[in-house]
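Residue numbers (full-length UniProt numbering), protein chains in the order written: chain A, 1 to 647; chain B, 1 to 392.
Treat each hint with caution, since some may be false.
List of simulated lysine-lysine pairs, DSS-like, C-alpha gap at most 25 Å [what the hints assert, rightly or not]: (1) LYS261/A with LYS214/B; (2) LYS312/B with LYS253/A; (3) LYS208/B with LYS273/B; (4) LYS371/A with LYS386/B; (5) LYS386/B with LYS144/B; (6) LYS82/B with LYS371/A; (7) LYS72/A with LYS144/B; (8) LYS261/A with LYS386/B; (9) LYS144/B with LYS125/A; (10) LYS208/B with LYS253/A; (11) LYS475/A with LYS557/A.
Derived from the structure by calculation, the hints contain no laboratory data.
For clarity, every value in this text was computed on a predicted model and none was experimentally measured.
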Amino acid sequence: MDECQSAIPAHDGDLHVVAAAHHIVKALGTTKNLSDDLRKILIDLDAHLSLITSNIDSKGGKGFVEVEERLKRVERKIVIWESDRIMIWDSGPKEASDYLEAVDEVQTLIDSLRGLSMNENQKQKELLHRASSLLQMAMSRLEEELIHMLVKHKQQSEPTYIPSPSSQRNVVYNESVVSLDNESAKEASSKNSCSDECGEYIVDLVPEHVIPDIKSIAKVMFASDYGQEFCEAFIGVRKEALEQHFDILENGKLSIEDLLKMEWCSLSTEMNKWTWSMKIIFGVYLMSEKRLCDQVLGEFGSVNSFCFLEIAKTTILCLLNFGEAIAMGPQEPEKLLRLLDMYETLADLVIDIDALFSEDGGSFVRLEFHKLLEGLADSVKAAFNAFGVAVSSNGSLYPFPGGGVHPLSKYVMNYISMFPEYCSTLNLLLEDQHSDVASLVSEPQCGPTASLSTSCPMACHLRSITSSLESNLHKKSKLYKDEALQHIFLMNNLHYMVQKVKGSELRPFFGDEWIRKHNAKFQQHEMNYERVTWSSVVLLLKDDNPGSSSLSKSAFKEKCKGFSIAFEEVYKNQTSWCIPDPQLREDLRISTSLKVVHAYRTFLGRNPAHVDDKCIKHTVEDVEKLLFDLFEGSPRSLRNSRRMMKT
Amino acid sequence: MPATDYQASFLGRISIRRNQVIAMDGNHEQELQDLELFSKHVSERFAELLSSPDDVPFDALLSISWLRKLLDFFLCCEAEFKGILMMGNDPSQISKPPLDRLIPEFLDRSVKALDVCNAVTNGLESVRHYQKLAEIVVSALEQKPIGDGQSRRAKKTLTSLISAMNVDDKECSAAKATERSWSFSRRGVSSKDRVPEHFRSVSNHVAKNWSAAKQIQAMTNNLVPPRGAEGSGLASPVYTMSVIMVFVMWALVAAIPCQERNGLSAIHFPAPKQLNWAQSIIGLHEKIGEEWKKKEKKGTAGLLDEMQKMEKLGNILMDFTDSFQFHGDITDQKAEEAAAHAAELAEPCRRMEEGLLPLQMQIREVFHRIVKTRTELLNALDQVGKSSPPLL
């Protein structure tokens with residue numbers, strides 16, 4: 001453009017050349033199917049040529065007449081809208097493009113007048129002021145149109161699916177030891193796996209058809225050096241829209257102080273919301289916002305990334321601060337799964353965050369989130385360790401009634417059965433503590449011959465937790481005075497652990513070797529129980545004098561009585577004991593039955609002469625039946641059961 | 001970087017001391033020396049801040065560079081403090097009276113400071129917005145010749161700037177400002193005096209009833225100078241560090257737009273003048289407090305030096321654009337004056353452009369440092385707790 005200016009002809013002879021050129025330009029301008037850029041060039045050229053003409057004319061005293069005429073024409077086009085209450089872009093595309101054309105013309109006139117400023121002409125100065133004034137009016141109007149457009153269309157672009165975090169994820173682990181039945185434990189810790197559902201996907205924050213309009217305003221405002229105004233208005237509306245979306249996600253605006261004091265129940269809900277919000281805000285909104293900024297401002301240098309950062313910053317800081325508050329909080333074991341959710345969410349998003357804020361100005365954001373990711377990793381580790389500590393240090397003052405499956409076993413086994421879902425993350429985070437634990441867990445699987453799944457860090461940590469659980473259970477078993485009940489308790493709990501491992505995703509991490517070994521362990525307790533309870537009873541029936549064929553009547557009677565008393569004692573005690581697993585209960589009864597009934601039958605069979613009702617309180621069949629009352633968890637006295645049997 | 005210098009020398013001293021074989025008495029003597037050195041450094045640093053010359057704009061009280069220096073000193077003091085508390089002494093000391101009470105109180109204060117850091121970081125976003133508006137004013141008025149168009153452009157932006165600064169101060173709740181900013185329609189708005197569009201407000205990062213002033217007031221709870229024998233022990237650096245922390249947060253809140261600052265000047269520092277290290281802090285507190293009282297009545301976005309300059313020049317230029325509108329034209333002399341003021345306005349803009357992001361990052365650094373120390377202290381307390389016989 002400046003080149004054109006410098007070529008202002010001084011000689012009258014050039015006038016013809018200028019006039020001819022002007023003519024050609026005008027003719028070209030009438031051609032249809034011209035590209036916008038080309039048309040703009042022609043319009044500019046036209047303006048310059050007419051100015052040159054008028055400049056040359058001014059020698060004759062007329063001066064700037066044509067410029068003034070043109071200014072008046074566009075003035076009418078621009079001023080007419082000032083009194084109108086309808087927005088230009090709402091009136092129709094024709095109105096909009098006419099207006100933009102008028103603004104272009106003003107800008108062209110200003111450029112041309114400025115170009116001539118070496119000529120200190122009062123008229124020229126006056127025209128320049130008038131044109132700038134007109135430009136300001138138009139720019140102010142365009143800014144208003146832009147805001148109106150952005151506000152009007154922003155509501156329509158909300159993705160429709162935003163669900164509030166579902167209540168089922170908010171079931172609580174209030175204490176580290178709660179007897180959750182399997183069902184609710186599964187539900188409570190079901191992983192927030194929405195990453196597959198929503199992932200990253202870009203929505204139209206502003207409807208597609210509006211973008212060209214916004215761009216056309218951007219173009220003309222930037223061309224007139226009003227780019228800053230455009231950016232501030234654009235940032236203002238978009239920033240607010242993003243904050244509204246953020247509010248819809250129901251993130252409580254909580255201070256760190258509030259969060260650190262919060263009850264676990266509410267905190268868990270907040271942590272879920274954060275996980276969800278991160279996915280939506282980064283994966284959907286910021287991705288889309290970035291695209292919008294690029295679409296609208298991509299042509300104007302680095303302003304797009306500046307605007308994007310300004311729009312996003314406050315919302316991002318909110319999310320960041322929540323993360324920081326959680327990462328600095330005390331890492332209780334019950335937080336582990338929620339922390340893992342948070343960690344995994346951020347780990348998945350970090351690449352996106354790096355891409356979104358790849359420019360220098362965004363390094364701050366990138367850095368902070370990487371720092372937060374580290375913080376969350378440490379929190380996961382801390383919570384994991386706290387979980388281990390809680391498992392081994394959980395103490396009881398009283399024995400667990402009935403010797404059944406302890407709530408701690410249920411809690412721990414149900415809780416860790418969620419871990420395989422986080423396997424790769426846990427393997428990554430527990431790697432550095434791996435060697436310590438691996439040496440602690442003296443399972444052969446951790447050796448060099450182990451398969452991959454049983455030797456990974458998570459597997460070793462899992463086995464370390466179950467071995468803590470085992471030693472804690474041993475401690476708890478000592479609370480029973482009755483040695484037989486100690487064995488029942490350990491048998492029950494070990495059996496429960498094995499069943500849980502076998503019936504869940506845990507199996508590959510524990511391996512067959514572990515299962516075999518622990519099967520053997522609970523079977524050992526089963527045998528020990530039999531030995532402790534029944535050996536002495538069976539011993540009463542033993543032949544003191546293996547040589548002789550039968551006992552004396554009194555000796556027989558004595559033995560019978562001893563047996564009855566011992567048996568009734570066991571019966572009275574052990575009907576209140578509990579073996580929750582029906583199969584295990586059945587097996588134990590059968591093997592007991594085999595041992596006791598067999599001994600009893602042999603004893604009676606060896607002394608057929610004395611067998612009569614008077615001295616035999618329980619028949620073989622009675623004993624066989626009575627044994628089936630054991631371990632039902634409901635205490636019975638033998639008199640009742642006998643009466644029942646007689647009827 | 002002064003921060004690292006101080007840290008390095010401090011760590012150096014620690015390691016030298018570790019190599020010495022110290023008897024019990026020697027240990028105590030060393031501790032006393034450390035404490036003395038700590039308060040000497042505190043006193044020196046704050047004296048430097050107090051002596052900041054007002055006539056050198058770059059280093060003026062509550063300017064961006066002054067605040068950065070303040071935060072730098074905070075980080076230095078903090079590093080030294082942590083060293084004294086955690087490295088040099090028998091760790092079990094922190095769980096014994098009076099520290100068993102003072103440390104949890106200190107940690108409580110730390111958490112409150114974190115929320116203040118976040119509020120201030122958020123407030124800097126508003127300052128950034130002022131800067132952008134002021135830049136528009138500058139670019140409108142630096143054009144020559146200044147005509148009606150430029151004057152209108154400047155006036156429109158100045159109106160936004162001045163009202164934004166006032167909104168931030170009086171009604172920090174985002175809701176009110178927001179409603180007003182975007183819900184206006186063209187209906188009923190005369191074309192000449194449209195409502196400024198550049199309205200933007202501080203977004204709440206916390207609940208609406210959160211108050212920066214109350215937060216800082218709460219930080220002063222239980223903050224009393226150690227008395228008697230306590231004065232010579234570890235209670236004194238805990239107290240000193242607490243006062244520094246409260247003061248730094250207080251100064252930040254006074255300087256930068258922040259949610260709800262009513263009663264900020266009423267916050268009383270329980271720092272007795274006879275304590276050597278406290279004198280400069282008290283001096284600064286009085287100086288800033290006076291300033292705040294003056295501005296508080298008529299409302300201010302904050303005492304940040306660059307922002308005050310912006311406000312002052314903004315008002316002058318606003319008068320200029322008003323008279324321009326009224327007379328339709330101006331004398332050359334007036335135009336030159338306006339151009340000079342616009343050039344002057346460019347200066348705080350430039351300093352904001354250079355300094356705001358580093359300041360924001362430094363506040364973040366302070367944030368992380370406070371978190372880190374808190375975690376370390378909690379871990380130390382935990383360790384001490386574990387070594388004592390368990391309850392089980």
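Tested hints:
1. LYS261/A with LYS214/B: holds (18 Å)
2. LYS312/B with LYS253/A: violated (35 Å)
3. LYS208/B with LYS273/B: Distance of about 37 Å is beyond 25 Å: violated.
4. LYS371/A with LYS386/B: Violated, at roughly 29 Å.
5. LYS386/B with LYS144/B: violated (75 Å)
6. LYS82/B with LYS371/A: holds (22 Å)
7. LYS72/A with LYS144/B: holds (23 Å)
8. LYS261/A with LYS386/B: Holds. LYS261/A to LYS386/B sits at ~23 Å (cutoff 25 Å).
9. LYS144/B with LYS125/A: holds (11 Å)
10. LYS208/B with LYS253/A: Given pair LYS208/B, LYS253/A holds - Cα atoms ~8 Å apart, limit 25 Å.
11. LYS475/A with LYS557/A: violated (42 Å)
Hint compliance for this structure: hints 2, 3, 4, 5 and 11 are broken, all remaining hints hold.
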